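> Line by line, the protein sequences are chains Y and X.
Every position in the first sequence, counted from 1, becomes a number in this note's numbering once 149 is added.
Every position in the second sequence, counted from 1, becomes a number in this note's numbering once 149 is added.
Think of the hints as simulated: they come from the structure by calculation, not from any bench.
Just so you know, these numbers come straight off a predicted model, no measurement behind them.
Watch out, some of these pointers could steer you wrong.
Which copy is meant is left open, so a pair is good if it fits within one copy or across any two.
Pairs of lysine-lysine, DSBU-like flavour, derived with a Cα cap of 35 Å [said to hold, decoys possible]: (1) K256 to K294; (2) K338 to K256; (3) K454 to K231; (4) K317 to K288; (5) K475 to K410.
There are 2 protein chains.
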Amino acid sequence: MPTNTQVLLKRRPDGEPSESDFEIVTTDLPSLEDGQILTRTIYLSLDPYMRGRMSDARSYAEPTPVGGVMTGGTVSVVEESKNERFKAGDIVVTHTGWQAYAVSDGKGVRTLRPIEGVPISTGVGVLGMPGMTAYVGLKNIGEPKEGETLVVAAASGPVGATVGQIAKIKGCRTVGVAGGPEKCDYAVKEFGFDACLDHRADDFEDQLAAACPDGIDVYWENVAGRVLEAVIPHLNFFSRMPVCGLISQYSMTDLPEGTNKLPLLMRAILTNRTRVQGFIVTDYGSDFKDFITDMTGWVESGQVKFKEHRIKSLENAPGGLLGLLKGDNFGKTLVEVSDDPTI
Amino acid sequence: MPTNTQVLLKRRPDGEPSESDFEIVTTDLPSLEDGQILTRTIYLSLDPYMRGRMSDARSYAEPTPVGGVMTGGTVSVVEESKNERFKAGDIVVTHTGWQAYAVSDGKGVRTLRPIEGVPISTGVGVLGMPGMTAYVGLKNIGEPKEGETLVVAAASGPVGATVGQIAKIKGCRTVGVAGGPEKCDYAVKEFGFDACLDHRADDFEDQLAAACPDGIDVYWENVAGRVLEAVIPHLNFFSRMPVCGLISQYSMTDLPEGTNKLPLLMRAILTNRTRVQGFIVTDYGSDFKDFITDMTGWVESGQVKFKEHRIKSLENAPGGLLGLLKGDNFGKTLVEVSDDPTI
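Okay, chain Y solo, but in the shape it has when bound:
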């Protein structure tokens, strides 16, 4: 048995997390029992939701325990199997977290069938949780219709980029929001957004108004803060707001002082009959087959593109997550934990 490298949650961050909230340890792996598999992590997905798991505030998911392995989706290879569903060499999508190896009973482990010309890392990207998040949130809550305007932040990130591209396929005008001109250019040129605005620009609010001359029918909420506040005055009648994430407020320790904007949102909801609805991808498991069929087709045809932001080595995962929470990533953030046998 090889030894394992694991990244543990050392303590719960108060506000902005730091490297010292994590601990990297080396441990022994147990030997396999009947029904178990040993997987080696190839790619670890880094995602904004992980900030939530570091806290013990009430949520839809149990927090990562202090001293526990950081949670996370991975693309892994089966090294050894005592489970009839898997054989050595199988590429799988699993959720074994921030570690080099893992022993599991195979529950929740999905075998990935590699697609010609598409890296297996997409199993935790456009063809995995982030892609499915975009797909089910639009299908069930956003309901984009031909001719409507959709606004999404983090437009170069894995969820935002996919949201914009699906909405484009559905015939929407798509307006992305991203941090900085490089990401904005990329979102327009590669992901086909009709416009993409830099939320750091002094006149961002004016740019948003100009980019949405017919108002906003779908606002995909994944950041909150300044972008949400700029969107509210432009919401159309019967607009929809799937609430997928709130990255700007995850590390907030106190509510901000200043003007109370809650009445502004409530008035917009009432006046426009807007629907604002939170969701998580795991509520829509029954859509998985449709998602894989549609998204695989769109990726193969080039209608949906994706961009990866790769970080080398598990030791750099904490820094990668901290950067992601600050918007330093450019595309789907992955840690290359070990060699990809399909390359």
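Since the structure of chain Y is provided, determine the placement of chain X on it from the hints.
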């Protein structure tokens, strides 16, 4: 032809409206043309939404023009008819506004069939717009289920009382919120709420927590402000919030300074997958037949009760609306404009 008395919107209020924003005039009535009817107003309904029509802020409905007759639903009697759908003496529900008489082409006028023992004033109350608002909002957005907890403010008002009683029929625990112990007692004793809390109490937030030991599944939003902020921390997974009104913020001229509570609501929506949705009753016209059937049955069987707050004479309508906006009413507010021929 008799002369008419009308209440006009003299000017748009800035903030809290006052009597001087209205003007009472006497006018001549035109003679009837073919297809027209002359109606005499018996009861004029006063409702919180009227504050919205006094403003010209963008909304789902056109504002009342300055110099125009204040808008409002009425129970009226047909005095004269040149329209084959109506005959003199018919009791009708119409929307001819704050005036003693009106000439109309009969569009949108509904003949009321009086129910034994039930006053015709219910045509603008529990068997009219407020009752239908409660019915369609619960059916389409609130979706109360057996064993769930519902919270509604203005629990002695015509919408809130009906919301609570329908939710009770559906098997919910119902917690009302009202202004003062008298209204709270009435809501519990007459409308059958499991609890009713005074939102003016110093420890209202603690009382709410104690009254909702299993959290809140449906929050019927008709007031915003302190009640909404107290509800947010208790929202359950998959909770629903029909947004029907925001009476505490209708006369707000600026957003309140202090803590920004918007992140609090957004976090609750995401964490709980809560659905917050604005609506207006006129979006659900196709539910009208079901509403009349169900509600008539419930009123006749005594499962749904109602309380009226009557004001005498059209001249007192402005004061009645101002009082309603401050919560001075106790039950469905009606102006007795002229004699009820069914009594």
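> Of the numbered hints stated previously, which ones are contradicted by the structure, given in increasing order?
2, 3
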